[in-house]
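K.L.:
Going down the list, the protein sequences come from chains A and B. Numbers 1 to 440, taken from full-length UniProt numbering, label the letters of the first sequence in order. Numbers 1 to 420, taken from full-length UniProt numbering, label the letters of the second sequence in order.
A couple of the hints might just be wrong.
Keeping only pairs whose Cα atoms sit at most 25 angstroms apart, straight-line, the calculated DSS-like set for lysine-lysine is [as the list claims (entries may be wrong)]:
#1 B:K237 to B:K254
#2 A:K227 to A:K128
#3 A:K227 to A:K201
#4 A:K227 to A:K178
#5 A:K100 to B:K326
#6 A:K128 to A:K39
#7 A:K39 to A:K178
#8 B:K259 to B:K395
#9 B:K353 to B:K320
#10 B:K326 to A:K95
#11 A:K39 to A:K95
#12 A:K95 to B:K320
#13 A:K375 to B:K259
#14 B:K106 to A:K95
#15 B:K106 to A:K354
#16 B:K237 to B:K117
#17 B:K259 to A:K95
#18 B:K341 to A:K100
#19 A:K100 to B:K320
#20 A:K100 to B:K322
#21 B:K353 to B:K341
#22 B:K237 to B:K208
#23 A:K100 to A:K196
#24 B:K322 to A:K95
#25 A:K100 to B:K353
#26 A:K375 to B:K117
By construction, these hints were calculated from the structure, which means they are not laboratory data.
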Amino acid sequence: MSCRCVSRFLNYFQRGGMKLELSKVVQGCRLGVLIGIGKTGQHSLELPGCLLYTRCATVPHLTQDTLHTLTYLPAGAQVALDGLAEHHEVLEEFKEGVRKFAGLHDTALFCSLHDPATNCPTGHVTNKTVSVWGSGGRIEMTAARFIAMQAVIQPDCYQSMADGETWQTNTSRKRVHKAVNRTLAHLDECLTLHHKTPQLKHTEVFGVVEGGDILEERVRSARETAKRPVAGFVLDGFQSAAMEQELRGQLITAVTAELPVEKPRMLQGVGRPDEVIACVEAGVDLFEGFFPFQVTERGCALCFDYNVTPDPEAAALSPPTVLELNGERPAVEDPKQNDVGNTGTMTQFEINLKDIRYREDFRPLVEGCGCYCCKNHHRAYVHHLLVTSELLAGVLLMLHNTAHYLGFFRALREAISHERLQDFKTTVTKVDFGGRKQLH
Amino acid sequence: MNKVFKMAAAASATRAAPSDMAAAKTAASAASLALHVLAECPVSKARACVLKLPHGAVNTPVFMPVGTQGTLKGVTVAQLEELGCQICLGNTYHLGMRPGPELIEKANGLHGFMNWKRNLLTDSGGFQMVSLVELSEVTEEGVMFRSPYDGREILLTPEQSIAIQNSLGSDIIMQLDDVVSSTVTGPRVEEAMRRSIRWLDRCAAANKNPHRQNLFAIIQGGLNAELRKACLDEMTKRDVPGFAIGGLSGGEEKDDFWKMVTLSTDHLPRGKPRYLMGVGYAVDLVVCVALGCDMFDCVFPTRTARFGSALVPWGSLQLKQKQYAKDFQPIDPECQCATCKRHSRAYLHALFKSDTAAMHHITVHNICYQLTLMRSVRDSIIEQRFPEFVRSFMKRMFPSSEQYPSWAEDALASVNITLD
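Assemble the whole structure, with the sequences as input and the hints as a guide.
P.N.:
Written as structure tokens, this is what we have:
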């Protein structure tokens with residue numbers, strides 16, 4: 001990762017403590033490191049990357065003991081206002097922010113508006129407010145309340161208030177236009193309040209790009225947001241359920257073209273490995289880590305191959321993939337049906353461990369995987385835990401799926417670094433539906 | 001002087017015990033268990049032992065957490081090891097149904113299936129059949145029940161219970177007993193007791209692995225002292241590696257309960273472990289250690305954890321209650337578990353609304369509480385200060401001595417421990 005000269009030049013324009021050091025741009029993919037995150041600038045995130053997904057500031061199913069069996073954790077975790085808003089008073093009294101309140105490890109925190117793995121009812125955004133849903137129902141927030149919330153959560157970055165209700169099909173042009181305007185107005189108000197709030201002195205704000213599926217609105221939203229003093233951008237309304245990857249790719253490419261190169265772009269609601277790669281090619285840097293959680297909740301284990309063989313000749317001799325060994329036919333899935341709201345539908349990247357075929361399968365979830373689950377248990381055991389609805393199933397699957405997903409992002413960065421992106425894409429998406437690997 | 005003598009006597013008795021046992025045994029005996037009595041309380045019947053089992057030593061008195069279906073509710077085996085657990089339970093009924101003994105045998109027994117390197121104890125499966133399955137009928141042959149999964153009629157005989165437990169490969173296996181509710185009276189109690197003796201003999205004959213699986217007899221006889229005594233007389237004639245006190249902890253009066261426990265320990269051989277089944281409340285544990293029991297199991301600490309109840313030396317905290325929403329202390333500031341070192345009551349209260357990890361945190365804490373309690377009990381016995389330990393334990397547990405349960409006072413008084 002050389003080419004630091006570009007980034008040094010870019011850093012000159014960077015505001016605040018957070019800096020994006022880009023080392024390489026290949027086929028639209030940006031390889032770099034986001035440094036100087038946190039109060040003392042102690043955290044850095046490798047890009048393209050993903051955040052650790054949490055609910056109420058806990059990685060689902062995991063205690064700190066089990067979480068730290070993972071040898072590699074990203075430096076950033078995501079918390080969402082949905083789960084935290086109802087604890088406003090408690091956090092206010094606690095005074096030291098949600099990271100300390102939750103006993104989280106030393107990690108940077110990004111606070112988003114909504115939990116990407118929970119369905120959020122629509123129809124509640126007004127000119128002055130947005131709403132989030134916690135365990136006790138809807139909580140409506142003005143910009144003042146929103147900023148007060150951030151002041152007690154004390155994240156390192158947060159996304160500004162936004163009207164993100166334009167992802168449904170058949171949203172009118174007028175409604176999309178209004179959403180863009182509202183989101184800009186929310187951002188201005190949030191920024192004004194942000195600078196008056198001493199607790200947020202070291203916190204960065206990400207502006208939100210809206211615009212539904214209308215190109216001009218997307219471009220307008222990006223341009224206007226880029227004029228504001230934000231540290232980075234959140235691309236909203238592109239969730240897997242909302243649109244085809246082709247359109248998503250086109251819109252994101254148009255949006256990122258309007259955004260300053262020296263600021264990070266985070267995409268919400270997209271987590272499938274194939275879609276992640278396509279969005280990285282369109283210029284996205286950062287993703288939410290909810291995908292392994294959804295895979296876990298449906299009793300599945302990520303098993304796709306992401307190792308690009310260094311020598312193309314060796315590729316022909318490489319061991320068969322998991323799917324090949326099982327002669328398995330993964331559920332073919334229409335991306336439009338991938339419902340972000342709940343556990344989603346099974347993808348080609350995973351195996352369903354509830355399936356009877358794993359009853360006597362004494363192999364690890366993925367051969368060679370170094371996660372706690374694969375090192376200690378076999379598929380037959382996880383199958384048993386799933387059919388008996390045992391809580392440990394969620395723990396073991398969450399460990400494996402998180403490890404696998406983070407491994408995928410590491411391999412993606414390697415592939416960009418070594419200019420092997422095409423091979424990487426082929427490897428990740430190579431499953432053909434006869435269960436055999438397509439050799440290239 | 002007196003104490004030193006007592007300790008030395010206990011130690012020499014320990015050394016003598018195996019040869020005594022060997023003398024009492026037939027040449028064919030192949031138990032893979034050895035109990036070393038390290039110390040006995042000079043006042044009460046409490047004792048501290050080391051129980052050597054195929055998968056390592058177990059320090060007693062011991063509480064054994066219950067991992068019903070080959071997993072301890074959301075806790076990994078690494079966490080359980082970290083907590084210092086030396087033995088845990090699996091349930092034969094559940095594991096026999098799913099995934100079934102054949103599969104577990106293929107996975108190198110329950111140890112291999114769940115990847116637990118330490119000791120396991122499995123029950124006979126009889127208790128669950130009587131308690132969980134409505135359609136069960138007990139005959140001399142065995143327990144007939146209908147599978148809740150496919151409706152098939154299944155007969156569980158003593159031989160089959162042992163065969164399943166042989167497949168599971170647990171270090172301690174339990175005889176199939178004829179369980180009647182502790183509140184039942186009349187001829188059915190005697191019938192069940194006599195049948196349990198006959199079934200013990202069938203179980204002993206059926207055990208394929210006596211060299212690595214230790215069969216425990218289960219003393220029955222309900223709340224009737226004569227029947228208990230008769231059962232003890234018969235069962236202690238058999239050369240079994242250990243004894244369990246069964247048929248209690250099922251809703252009977254505590255006054256009846258402790259009397260049956262103490263009667264049993266009075267007649268059980270000193271050189272063999274005594275396992276009191278289904279007991280797990282802190283006060284019950286401490287009192288029954290005083291009455292001479294070594295081993296205990298109960299689902300309570302782990303089940304109650306999942307409902308948000310955290311065990312503490314002064315009782316329990318219902319963490320879902322609103323009063324903990326802004327309580328930033330750990331569950332127990334003196335507790336050394338991973339949960340207490342990192343999380344507050346307020347955070348656990350909040351987390352209960354969104355994730356199962358809240359349950360795991362409290363499960364870890366509650367297991368730690370139980371194991372720590374038993375370690376403290378054991379240390380006090382070894383250091384010959386068990387009666388003082390009991391007094392301070394009770395003082396901490398109850399706001400005032402007026403609140404001491406009278407059964408506990410009576411039980412402790414019966415073994416010469418008076419409370420302040």
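K.L.:
Indicate, hint by hint, whether the structure satisfies it.
P.N.:
Structure-based check of each hint:
1. B:K237 to B:K254: violated, 29 angstroms
2. A:K227 to A:K128: holds, 22 angstroms
3. A:K227 to A:K201: holds, 21 angstroms
4. A:K227 to A:K178: holds, 19 angstroms
5. A:K100 to B:K326: Measuring from Cα to Cα gives roughly 14 angstroms; hence the hint holds.
6. A:K128 to A:K39: violated, 30 angstroms
7. A:K39 to A:K178: Roughly 36 angstroms between the alpha carbons, so the hint for A:K39 and A:K178 is violated.
8. B:K259 to B:K395: Holds - the C-alpha atoms of B:K395 and B:K259 are around 23 angstroms apart, at most 25 angstroms.
9. B:K353 to B:K320: The given pair, whose Cα atoms are some 9 angstroms apart, holds under the 25 angstroms limit.
10. B:K326 to A:K95: holds, 11 angstroms
11. A:K39 to A:K95: holds, 16 angstroms
12. A:K95 to B:K320: holds, 22 angstroms
13. A:K375 to B:K259: violated, 49 angstroms
14. B:K106 to A:K95: violated, 55 angstroms
15. B:K106 to A:K354: Given that 25 angstroms is the threshold and the Cα spacing comes to 19 angstroms, the pair holds.
16. B:K237 to B:K117: violated, 33 angstroms
17. B:K259 to A:K95: Since the Cα atoms of B:K259 and A:K95 sit roughly 54 angstroms apart, the hinted pair is violated (cutoff 25 angstroms).
18. B:K341 to A:K100: holds, 13 angstroms
19. A:K100 to B:K320: holds, 20 angstroms
20. A:K100 to B:K322: This hinted pair holds, its Cα atoms lying about 21 angstroms apart.
21. B:K353 to B:K341: holds, 21 angstroms
22. B:K237 to B:K208: holds, 21 angstroms
23. A:K100 to A:K196: The hint holds at about 24 angstroms.
24. B:K322 to A:K95: Holds, at about 19 angstroms.
25. A:K100 to B:K353: Distance ~19 angstroms between A:K100 and B:K353 Cα, so the pair holds.
26. A:K375 to B:K117: holds, 14 angstroms
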